[in-house]
Structures are given as C-alpha cells and as structure tokens.
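Chemist: Spelled out, the chains give:
Protein chains: 4
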Amino acid sequence: MDYMYGPGRNHLFVPGPVNIPDPVIRAMNRQNEDYRSPAVPALTKTLLEDVKQIFKTTTGTPFLFPTTGTGAWESALTNTLSPGDRIVSFLIGQFSLLWIDQQQRLNFKVDVVESDWGQGADLAVLESKLRQDPSHTIKAICIVHNETATGVTNDLSAVRKLLDAYRHPALLLVDGVSSICALDFRMDEWGVDVALTGSQKALSMPTGLGIVCASPKALEASKTAKSVRVFFDWKDYLKFYKMGTYWPYTPSIQLLYGLRAALDLIFEEGLDNIIKRHTRLGTATRLAVEAWGLKNCTQKPEWFSDTVTAVVVPSYIDSSAIVKHAWKRYNLSLGLGLNKVAGKVFRIGHLGSLNELQLLGCLSGVEMVLKDVGYPVKLGSGVAAATAYLSNSTPLIPSRI
Amino acid sequence: MDYMYGPGRNHLFVPGPVNIPDPVIRAMNRQNEDYRSPAVPALTKTLLEDVKQIFKTTTGTPFLFPTTGTGAWESALTNTLSPGDRIVSFLIGQFSLLWIDQQQRLNFKVDVVESDWGQGADLAVLESKLRQDPSHTIKAICIVHNETATGVTNDLSAVRKLLDAYRHPALLLVDGVSSICALDFRMDEWGVDVALTGSQKALSMPTGLGIVCASPKALEASKTAKSVRVFFDWKDYLKFYKMGTYWPYTPSIQLLYGLRAALDLIFEEGLDNIIKRHTRLGTATRLAVEAWGLKNCTQKPEWFSDTVTAVVVPSYIDSSAIVKHAWKRYNLSLGLGLNKVAGKVFRIGHLGSLNELQLLGCLSGVEMVLKDVGYPVKLGSGVAAATAYLSNSTPLIPSRI
Amino acid sequence: MDYMYGPGRNHLFVPGPVNIPDPVIRAMNRQNEDYRSPAVPALTKTLLEDVKQIFKTTTGTPFLFPTTGTGAWESALTNTLSPGDRIVSFLIGQFSLLWIDQQQRLNFKVDVVESDWGQGADLAVLESKLRQDPSHTIKAICIVHNETATGVTNDLSAVRKLLDAYRHPALLLVDGVSSICALDFRMDEWGVDVALTGSQKALSMPTGLGIVCASPKALEASKTAKSVRVFFDWKDYLKFYKMGTYWPYTPSIQLLYGLRAALDLIFEEGLDNIIKRHTRLGTATRLAVEAWGLKNCTQKPEWFSDTVTAVVVPSYIDSSAIVKHAWKRYNLSLGLGLNKVAGKVFRIGHLGSLNELQLLGCLSGVEMVLKDVGYPVKLGSGVAAATAYLSNSTPLIPSRI
Amino acid sequence: MDYMYGPGRNHLFVPGPVNIPDPVIRAMNRQNEDYRSPAVPALTKTLLEDVKQIFKTTTGTPFLFPTTGTGAWESALTNTLSPGDRIVSFLIGQFSLLWIDQQQRLNFKVDVVESDWGQGADLAVLESKLRQDPSHTIKAICIVHNETATGVTNDLSAVRKLLDAYRHPALLLVDGVSSICALDFRMDEWGVDVALTGSQKALSMPTGLGIVCASPKALEASKTAKSVRVFFDWKDYLKFYKMGTYWPYTPSIQLLYGLRAALDLIFEEGLDNIIKRHTRLGTATRLAVEAWGLKNCTQKPEWFSDTVTAVVVPSYIDSSAIVKHAWKRYNLSLGLGLNKVAGKVFRIGHLGSLNELQLLGCLSGVEMVLKDVGYPVKLGSGVAAATAYLSNSTPLIPSRI
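Chains as they are written, first to last, in our numbering: chain A, 2 to 402; chain B, 2 to 402; chain C, 2 to 402; chain D, 2 to 402.
Some hints could be false.
[As the list claims (entries may be wrong)] The calculated label-pair distances, taken between Cβ atoms and stated as ranges, are:
(1) LEU49/B - PHE241/A: 32 to 38 Å
(2) ASP117/B - PHE241/A: 25 to 31 Å
(3) GLN54/A - SER136/B: 57 to 63 Å
(4) PRO170/A - SER400/C: 45 to 51 Å
(5) PRO84/D - ILE402/A: 29 to 35 Å
(6) PRO302/A - LYS46/C: 45 to 51 Å
(7) THR47/D - GLY294/C: 39 to 45 Å
[Claimed, not checked] Distance condition first, Cα-Cα at most 27 Å in a straight line; then the derived DSSO-like pairs of lysine-lysine:
(8) LYS341/D - LYS329/D
(9) LYS227/B - LYS224/A
(10) LYS325/A - LYS277/B
(11) LYS345/C - LYS329/C
(12) LYS227/C - LYS218/D
(13) LYS130/D - LYS218/D
(14) LYS372/A - LYS341/A
(15) LYS341/B - LYS240/A
(16) LYS325/B - LYS379/B
(17) LYS110/B - LYS236/A
(18) LYS227/D - LYS46/C
(19) LYS240/A - LYS227/A
(20) LYS240/A - LYS345/B
(21) LYS110/B - LYS236/B
(22) LYS296/B - LYS379/C
(23) LYS277/B - LYS236/A
(24) LYS372/D - LYS277/A
(25) LYS243/B - LYS227/B
(26) LYS243/D - LYS162/D
(27) LYS224/B - LYS227/A
(28) LYS277/A - LYS325/D
(29) LYS243/D - LYS227/C
(30) LYS329/C - LYS243/D
(31) LYS329/D - LYS110/C
(32) LYS341/C - LYS243/D
(33) LYS372/A - LYS218/D
[To be verified] Derived, one-sided and incomplete: chain B residues facing chain C with beta-carbon distance under 7 Å:
(34) ASN356
(35) LEU358
(36) GLY366
Hints listed in this document are in silico derivations from the structure and should not be mistaken for laboratory results.
Beta carbons are placed, not taken as given, at the ideal position from N, Cα and C, and that holds for glycine.
From just these sequences and the hints, can you work out the full model?
Modeler: See below:
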C-alpha cells in the first residue's frame, strides 16, 4: 500500500515532516482508548508538565491542540487579540507571509515589516515603530523564529531587548515551528508570550499536534481578547485542566503516547545536546554548500539556520528539477523553493531525529544530483568539507561509552 | 509505557474512540513522508474520491481536516454562514448542546429547539418555524443525526421533506459523527448540505481527521459567508485541489494511509453490510437491556440508535460507579452519562470495528458489573436474549464461505 | 494482505498460538540490529536471568533456541541422552504421541506407558517400572505436563516423589509447552531436569523461541550424551555464554525484545496472579461446559487443565464442523480434535494473554455454534454459570485500584 | 526499552541481519492466528510457490523451517546424507569453517579443501578428487556460494561443469545465505541439489526462517539418507504438503506475512534489478576502498563479492577498534573480522534493502572512523570515487518515472 516505493530507505530531508525515531513509531502503534478513563488524564498530566521543558518555561501554560502549525498560529492570535488590534509582523519568507495572511484574514491591523528573502527580521523598523508608539497602540509583535523557506533564524532576544528598552507592553508571539526543540529557544528568559510548534518538526513525530505555550501575561490577555474562537479557545482547555480531565474534546491517544516517547528521548539525549547536534549538522551542511561553490540563501551568518539550509542554484538551473530528480533517482526528499525563491533555491532540512551519517548520505546525494542537472560540482567535495568538521566535533554516544 | 495496564485486552465500548482494525493500525505504522512529493497527492486523490461513498454522495466535495469533530463543526458553520445568521438547532443531548454552544459563540442567532433528553428532534417545532418563515430568515438547520449522549437517531429524511414541503432554502447541516459509516446516511438523497464525521468514530481510526463534505449549494454559500475562518477555510483547500497538490498545510501521512486502509476494509465488507451489522449489534444490545429489566434512555423505538445505547439505571445506583467498576475489575470501558443524565445512564457504544462475540463479551461484563453494584440482574439473561437473536441473524463471513 | 478478513477481532481460542498483548507487539515492531554489538548481549543477559523465574528455578540454565516446541523437545533429548538409552514416556494424547515418535526416531528405547485419551499419565506403571529397575537402566522419564490435545494436566510432584522413593537417578524431562507460565510449575522443587516451552504459548508471543531450561544434573549429563546434535547443542551456547556474546548463531532481535516485554508484563502481573487467572478462566470454562450438558474429555477433576478444555460432543455431531463453523460465522478460532479424538472433541484454549470478558465472548460464541450445529443448548446457560463464578472470583486490576 | 539508544538511525552495515524494509515491518506487526484455519495454508501455498523464484528453480521443493542458517545447513545435510558418507567441502573462511565443523559433528567423512582466507574454493583440488573417484565414493560437494567472512564469491557454474565433465553423481549442496536474492544464483541451471538461505540476509527480514530448497534428486536421496533427524526432516513437511495443511508444527504467523511482503517487494523491484543493484553497491564500495588506499581481503576480482566487502587494515591498526568506534561515535554497525582475520579486517555488508545514499552515508562514516583511529585517509576520497561511479550507473526508480 506504499505509493511509489523505491528500494531502501527514503532519505527525508525536507524541513518537516521529519524522520520519526523508531521508539516513537513503536509507542504510537496502538489501539484507541477511552480518554475519559483515569489513564489518559494521568498520562496527559505528565505531558503538560514535561512539555514545558522544550519551551524552557516554568511559568507557561501549554496546550496540545489536535491541529497543525497553521492551527497553532490561529490559536495564538485569536486567544490574545481582538479584531482591529494593531500588530507588527515581519515578512521574510513564505511562512511568515502565510502567517501574515492569516493575521489579516483574522481582521487584525498588521504593520508588515518586509525584508529581502534571505534576510532576518528588520529590527530597526521595529525599533522605530516602538519609539513612535508611546500610547501602545501596538498590541503584539509576531515573529517567526526560524523562517523555514529561507533558512533564516531571527534574534528573539534582541526583540525582547527592544520591547524592554521602550517598556512596551506588546505581546511577543513567536512561531517556533522549525526552531523549538532544535534551536536555542528560551521562552521565559526572552519574555515570549505565546510560543508554538508542530509535532512533525523538531519533536520528530507525525503531524497532528499544534503545541502552544502561553505566558501568564498571554493567559491574562485571553480573558479580554474578543476574537471569535471555539475549537482553538484556551478557555475550554483551562476549564478541563481544572477538572483534571484535561480534554474538551477527543485527543489522539496515539499522539499522546507518541509525545510521551518523544519527550523521553529528548530528555535522554538532553535538550542542550540536541541543540548542539543541530548546530553540528547545520554547520556541516553549510560547509558542504560552500565547498560546492554554491550560495546560501541566508545573507548573513548571524541569521544562519541550524535546522534548514536554502541553497541558491545558478540561474541556468531550475531548483525544482533538483528536487524532482533527487526523489526520482536517489529516493532523496529535498525541500522546494517556495514563492519568491521558487526555482531559485532548494532546501536541505536538517532537523529532528537525524545524525551525522544520515546527513552525509544526503550530501552525497545532493552532489550526484547537482552533477546530474549539469552543475560542475566536484564530487566528494561537500562530503570532504563536512566530514573534516564532523570528525572533529561529533561526540561519542553517551549510552555507549 | 502503558498507563494502568491490565491482563488481556481492553474491551472498548465507549461510543468513540472505537476499536481500530489491525490492518489500519498496520497501515499507520510508518515514517513521515514529504507531502509535496508526487506520492502523497496521488494517494490523497484516491481518498477524496473514495470517501464520498461513505457519505453516499456523488456531487459533494470532501475535506479532510487535521482536526476533531469539534473542528469539523466549526468548519461546517463558518464556511456557510455569516455572523448574525439565524439558524434552527435541536437540543436533545450533550453533543447537540455543545454544538449549539459553538453556534452561539460563533455569533449566529440560534433558535434552540429543545426536547427531553431521550427524545429526538422536535420536528413539529421545525415545521412551525418553517411555516412562519416565508421570507427565509432561517439560513440553516443544524441537526445531530445521532445524539451520542442519549442514543437517539434523528430522522433526516423527514427534515428534508419539511424543507421541501415549504420550499425553504435553508442549508441542512448535519453532524454525522456517530452515524456516518454505521447508520443509513444519504447525503445526496436527503439533500444534506454539509455532513461531517470524525475519524475515531465509525471509520475506526485514531482521532485526527475531521471529515467534512459539502454539497454544491454549500460550496456556493461559502463564497459569500462572512464568518472569519482561516484554518478551517474550504477556500484554501479548493485552491490546492485545483493545483493538484491538495494540502494547504501539512497533513498527517499516517492518517492518510490509515484512511486508505479503513476505506479498503469498508469497501471489502460493503457499506450496506456494515449498516446491517450495526443494526444487528444495536438490536442485540437492546434485547439484552430489556432482559436485564432496565430502561433504554431513548424513549421511542423510532429513535433507537444502532451505534450507542444509553441504559438508564435505577435511582439507587450511580451509573458512574458502573463505568468505574467495569474498568477497574473487567477492563471494560463503558460510556459515562453526561450532563443532565450524569449518574443516571451508562452507555454502551457498539459502533465501528466490532463483531458479535466482542459485543457479547461486553454484555457478559455488564451483567457482572450490574450484579457487583447491587442490581438484581439474572446473570446470563442479557446474553441469552442477545444470542437468541444473533444466532438467527448473523451471516457467514463472505471471505470464508 | 490479510487472508480471509472478517469484521472486528478474531477471537483466538486455540491452545496456541495465543493472543499477544499489545505491548509485546509494539516491542517487536522494530528493525534488525547487529547482534554482535554490546547492546544485544546486554539485553540477552537480562533475559537469561529473568526467564528462570517462569521456570521457578535458581539453579537451572536456560537456552533460547530459535525454534519451536518440537525443536525444544529435540534439544532436551539429544543433549542428555545417547542412542539406545531406555526412557519411560507417557502416551496420553496427540502431543505426547508426537514426542514419543521423536524419541523413537532419535533411536532411544522407549517404554511407552499408554493411558486412555482423557486420562493422565499412569504413574502406577511408572512405579512398577522403577521398582523393577534396581540397576537403573531407565535413563529418563519423559512427561508432558499438560497434554494440549485432551486438556489433561499431569501431577509432576508425584513423579518426583516416585523417583525419590526409589532413589532412581533417571532424568526428569518435562514438556511444559502448554503449562509453563500458566500452570503451577516448579522446576527446582520438583527436581525437573529439563523443562521446556515455546514462545507462542503462555508467554503470549509469536512462535519462534523454544525455551529450554536445564538443571545442573542435566548439564552434567550433556557432557557425556552421545546423541548427534549441532544446531540444538547446549555446548555451543555455553561456550558463547562464557564469552559474554551469548549467541552461537543469529538470534531474532525482534523476539528478544518481545521476550523482554513479555517478561516485564509477567512480572508486573505477578506469576502467581497469572496462575490464579488461569485457574479462574479454566474453572469458568468447565462450568460452562457442564451447564451446556456436555462432557469434558478429561476424565477426572485431578487432571483438569486450566489452559485448555477439550469438550466432547454428542456422537451425532462432528466436532470439526463446530470449529469450521465458529470461524466462518463468528470469527472464533477453536481447536480441532486431533487423531483419536478427531471429530469427537473441540478444544477451547484459555491460556496466555486473556481476561474474563474475552473468555465470555468465546463462550457466548460456542453456545451459538452449538445451536447452529443442532445441539439443543440453552442459550445463555454457559455464560450464566461462568459469570456466577467469575463475578465472585475476579479481583480488581491492581494498577487501577 | 531500546538498549544503548543513540540519536537518529542506526546505520546497519553488518552482512546480516540487514535492514528490513518498512512494508515488511508493517506486515509483521500483527497478532497470532490459528495456523490450522484455512487462511494460513492458503497463504503458505502462495509462499511456497513464489519463493522458488528467488532460487531460480521450477523443479525444486522449498521448505520454510523456523530456524536460522545453521539449522538450514543441518537440514540440507541430514536429509540427503548418511553417517560416514564422504563429502568434499571447501574451507575458505569462518562460515565455511563452521559448516565443516557441523559436517564433521554429524559424522560425515569430510575432505576439507582449504584455501587462503581471501581466496575462493580451490576447484583444481576438486577436479583432482573427482578424477580419482571413478567409483563415486564422494556423495556430496558442499560449498558456500558467498563466504561472508572474507567477501569471496565462488563460481558455482564451474563446480557444476566439473561434476558434469566427470559425470559424477555427487550431490551439490550450496550455502546461499549471503548470496541468494542478492547475487546471481541459478539453482536449476547450475544443477544445485540443495540450496539454502536465511530470512535475515538478502530477503531483508528478521531472523527466523531457514529456507531450504531441494532438487528432485535431493528429494530422492532423502528417502534413503540415514542421518538421524526429526525437527529438520523434510519427510514430515512433505506429508503435510500433501494434506494441504503444510505445517508439521507451529510456524510464525508474523514471519509468513513478512515473507509475503518481502516477496512482493522483490517481485516489484525485479530479481534481476536487485542483482544489478547489489553489483552497483558492491562496485561502489570497492572503489571507495581503493580510493582510501586500503586492500580488499578478496585476492582476485573474479571472487569479489557484491554483498560484503572485507577491508584489510594496516597492521598498526586493530580492525576491532574500527568496528567499536564506528558504533560508539557514529551509530554505524560494521562487521568484525572473524577468526583468522580477526583484528585484520573489518567488513561492510551491502546486501538486502539498501540504496545508494545509505551506502554513501556508511562510506562517509568509515572515512571518519579511519581518520579517528589514525589512518591517514583523505576525507571525501572514497565517497568521491563511489559517487563518480554511482552517478553514472544508478537508474531512475521505475515507479517514479
């Protein structure tokens, strides 16, 4: 029942959905259960407590919505804001664009701060807006921590510093879809008010959970926010949290057990080790791109993303052909260029459950694909650059020492 | 990693989530995939085509939302109606109550038509409202086909007849969560404009898909409906349908393959045979209840539900104690009484992937539980009544003849 | 890819292979691994240590052969005996018959002690043979603890007492295939020299492990036993045990993890609780048989088996028709009558991962089948008898109290 | 419950057990079944028919023993030969050594023809033995098609030619454990009398099936062969084949469904395409080894194995350290050097479910390991050599064109 089967493994290097570790697949291989029995609330309780750690928060309140990242966005916005509210939002790639589209359709008044695709959020504009807003008409700053379309990581602590500098009370809403659990993210320290991610990203699970975490300030805001919401309403969850039954409607039993297994693996590896692993894999990828003589779509190292690299191809090559060919010949799944960078970049996702040799298999494959589409790559060059770095930086696996 | 494990199988007889057939569990036991490769759209195309059959529609357009039934409700309402629209909605139990709560929170003007819990929708009131609405201020009729809290099945064809009799153009929106794929449901024949169900009900899958099917008239209405919506917006789906990529955001690969397997099993058994099987299981359950000397919460046979039976317990017994005890002693999961009937009824779900002997195991268990909580049941009486019927009505398994 | 699929669960009541608990299926849902890495020996070490508990031995040495019960038999015999050795073996049903056939083909001189099928081992004959063997020409006693074909449990402690009474050094070799981990079995206390079982029986795993446990005396005997053996030779295993790599040839990684999960569940429930559960299920089954007015193939209560009940049908009924019909109409798998009792008995296996309600579903099904084949059963009678007993004897599930 | 978990996938490059394709894992993720119902024989029948194709035989009779390769060896020998029979057997590495050990322990008179480890079978000696045996005292030639310890493939057609040249009736018994379903193997054309393999090798399944295929001549020989055998006796299987129930004892239901899925994948890819893929992966590996400046243990290209490459390390390096380090640091499982070549070679298995990018990940890893242990490898050199070849020779995946 597989569609378009090829021999051996699929090499999954799109920036989500990502590879699921076998223990998580195993944990999800199960029957339905009555979610009103004592077992499911007992399980849920551990999840809500433990999931806070991936946000680095102790004061936040998490919600495990049966939805995707798009739904998590909607939940973050509608629970904290009212129609007509002014928000500042940064447009730096396809996913920030989609979020802004949602913000506008939800009837917020959005100050769109656009950057070139390949650049980070323009914080100078933000500063100027904050400076010119002594009456606090700006209700929220919406920012994508890691723009998956271009491989750009924004500096959230700088945003916080600006807000603090101007003592501006705007809520800080962060899309952490391709960052949380892979990049350094500190909800409490950075004063993030709503952070969110999706299960199919760095948590390395199937799609289906939109995980939203709200600061006390965000919870407070939700009491007066007038945006219409029912399915995504925090209020219903909070009511069931209080009762100890946790679920206003039916959760996926399988995803709950999957999340339990995913968190157990995360804690076994250690969140900081996971972040280091992503730095390692991101660095290795960038070294390979450089060795191939290709450009990173990300324009400055300060924005380099350790979860996804968008590679710019020469103008005589259509990057879609690379993605298509990789899949057809090498069972390698790469990310397409989207919207403004369609045809111009292809993307290597290097997040989630992934190790050095998996990445090197991908990089070897990209080299062959580049050759196949007519780019004069020196075969082995990218792998050589990556291994030179990795052989110095990869630690022993702790359980095997 | 199981919570509160007991020896042998869990006997799952809540009216959802229900038992998943092994081939569906197997089909879902898999890695993530790139949903932008050609394989996932090819798979999706077959699903969208085939899923229409469970709605008995050829003209409807289905949507596979990554959500639950609550989300499917929201999608049905917000895509077809505008704030302030007048709708008629029937309150006959906890789930119709929750839907009405959602309708009100979404700012529709709801004419609530209430019945006693245990009765069906009061169609006389509907008729009177239609009669008094020559100017067509009623924009939609919202009705739960099968009220899961009380085990009441409404007569949808009668609703259609009333609408036709008064040539009333109101949309007919139907919650088929605990009916579709188990009870007789005919979208096209009955002129249903939006029908919806959830994957964890009669489709016998995990929670996670809210399946919504829209008639051409509903699609037309969605073009002018002013309710705010993004995640649940049909428009985004239709745009991606046209492009042939199908997904405006990331679907669950596992649920897609699960749905494929579920549909294959449904077609192998035959939808009409499935409906007959549910009639058989429902009848057997009611015969057992009668033999025990207990009352069905459903007040008239015309409303009897073939997917769930709510059993009224004597006033000296707390039905919650029955549910708790069944789980603690016999690994049997029954449904609680909800809201108005809390403590007064317990529910036996008999929908989805289930056969005669599974049900008889449950009925035997209920007998022991009744005895345990002090009800003077004659042990074996319910099973005797059920088997007397089943041994005459159960067909041979076609693949084994 | 299922053959002859039917709706709902298969009700598996053959006396092996039995139902596998979901956590065991999950644990086995995995990739291959290098069995020469440090991980597999580390896992194996825990298994070899823990598996002794199901034999109730501290001095025995277990072997986990990648084989079936038939292979385990061969391993027990060829490692302890030499061609021409005299052994006493009891023929009481099809499985003891097959073992005797193997003993003869392996060139042992077998004193076959035959009983009627339905009776236990004739220990009077054994006593007389021991009495008449002052020179110890008898090298081994071979006995099936529980004859699966007739539902007869032999009294092993009585065998030990006889051997002790005559100070006879014969080895005591026991087939515990349908007893160990379900019936009371005490390797050390009863002085069993080789005990064996198969993974698909009370351990509730797939077929594939033949588990053999040897006493120190059996190990000593293996040093001089001249039977030809390679694959089944303990010597090769002992050599690898010493090296700490454990495996003379490739084990099934999946079965090792499956055994780990199975043992964990056994220890969680408690071996003595498991034995009590089997007593409960066996008693309930016998009460039902009695209520149906049918005879137990087992001729005396002292031999009643708590893992399998062979039910004698009236002469005008072919028991094979019952088995066939149960499968074709109710998805119920019962055991056929074998050899001498073919057509005369059908068997209900009630061992392994099973609880009360599963059994009651089976018993309800048997009632309908009996009616279908023309036996004048009173529907509900067996279930009534079984539930009357079970409702008094079933304990609460400890994890749920 | 994983032992010694590391982030990301394990890279499994031992020459067995090998990677299992996901569809096979899925097919095996299932409950036990009654193997005496009509379903399991119906399934078995298809397996026995279809498995012949991987042996390229139409006249052979296959047996699916629940055992390992060691058991399959024993079955091949004991069913065709009698104690004292003279056989010629080639010692060229650890696995041929183990088979010879078995042959001797089974009391055959073995003419051991030894070669240097790294060379193929010495056919000149065979020729001389055949020439000097006009009275046909040699009853069988035993040969390992592919010696897994040294990566040496023997020329079976040359053996057949010698036997034919001398019109010698000796049986030709072939260990195809690491060849069948990966290398060119032609049972009928080459007149092989017994061929055998194990499920965990090129069939890419878990360990547990020893698949033995007997020519009509071998079946004839089994009628008079006097070696003692019961578990491994073909006679019992043939008896059950005739009855149409197929199994003299309990098979693993899971492995039967696994084999069905494995064969389906094999036929989808095409056996000849599979052989070509192995040639491609073997060639790529050898090119990498050459680029690293290391020696192949296999002394002449005519013996190069396309399923496993044994790489000779410089004398100042202990090859065990390479294997240990690869596992500890890179989650890479390589094969140890065994016996005579322990410490001197490490092995890269490249058989079964595997594609180009998986192999390149492994080769990249080996490069880093070589550097780590002090070998002056040029990083990227092996991958460059391999990709230069692979980018010219890898076909498009047919289902995706």
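Chemist: Confirm or reject each hint.
Modeler: Hint-by-hint comparison with the structure:
1. LEU49/B - PHE241/A: 32 to 38 Å: Distance hint for LEU49/B, PHE241/A holds at roughly 33 Å.
2. ASP117/B - PHE241/A: 25 to 31 Å: Holds, since ASP117/B and PHE241/A (Cβ atoms, about 27 Å apart) stay within the stated range.
3. GLN54/A - SER136/B: 57 to 63 Å: holds, 59 Å
4. PRO170/A - SER400/C: 45 to 51 Å: With a Cβ separation near 49 Å, PRO170/A and SER400/C satisfy 45 to 51 Å, so the hint holds.
5. PRO84/D - ILE402/A: 29 to 35 Å: Given range 29 to 35 Å: violated, Cβ gap about 51 Å.
6. PRO302/A - LYS46/C: 45 to 51 Å: Roughly 49 Å apart at Cβ, these two residues keep to the hinted range, so it holds.
7. THR47/D - GLY294/C: 39 to 45 Å: Given about 43 Å between the Cβ atoms, the range holds.
8. LYS341/D - LYS329/D: holds, 25 Å
9. LYS227/B - LYS224/A: holds, 25 Å
10. LYS325/A - LYS277/B: violated, 47 Å
11. LYS345/C - LYS329/C: At roughly 20 Å apart (the allowed maximum being 27 Å), LYS329/C and LYS345/C satisfy the hint.
12. LYS227/C - LYS218/D: With a Cα-Cα distance of about 31 Å, the restraint between LYS227/C and LYS218/D is violated, given a limit of 27 Å.
13. LYS130/D - LYS218/D: holds, 22 Å
14. LYS372/A - LYS341/A: Distance of about 25 Å is within 27 Å: holds.
15. LYS341/B - LYS240/A: holds, 19 Å
16. LYS325/B - LYS379/B: holds, 21 Å
17. LYS110/B - LYS236/A: holds, 22 Å
18. LYS227/D - LYS46/C: violated, 39 Å
19. LYS240/A - LYS227/A: holds, 18 Å
20. LYS240/A - LYS345/B: Holds, at about 24 Å.
21. LYS110/B - LYS236/B: holds, 24 Å
22. LYS296/B - LYS379/C: holds, 25 Å
23. LYS277/B - LYS236/A: violated, 41 Å
24. LYS372/D - LYS277/A: The given pair, whose Cα atoms are some 22 Å apart, holds under the 27 Å limit.
25. LYS243/B - LYS227/B: holds, 23 Å
26. LYS243/D - LYS162/D: violated, 35 Å
27. LYS224/B - LYS227/A: Judged against 27 Å, a Cα distance of about 25 Å means the pair holds.
28. LYS277/A - LYS325/D: Since the Cα atoms of LYS277/A and LYS325/D sit roughly 24 Å apart, the hinted pair holds (cutoff 27 Å).
29. LYS243/D - LYS227/C: It is violated: about 35 Å lies between the C-alpha atoms, which goes past 27 Å.
30. LYS329/C - LYS243/D: This hinted pair holds, its Cα atoms lying about 24 Å apart.
31. LYS329/D - LYS110/C: violated, 54 Å
32. LYS341/C - LYS243/D: Roughly 21 Å between the alpha carbons, so the hint for LYS341/C and LYS243/D holds.
33. LYS372/A - LYS218/D: violated, 53 Å
34. ASN356: holds, 3 Å
35. LEU358: holds, 4 Å
36. GLY366: The hint holds - GLY366/B has a Cβ within 7 Å of chain C, the shortest such distance being about 4 Å.
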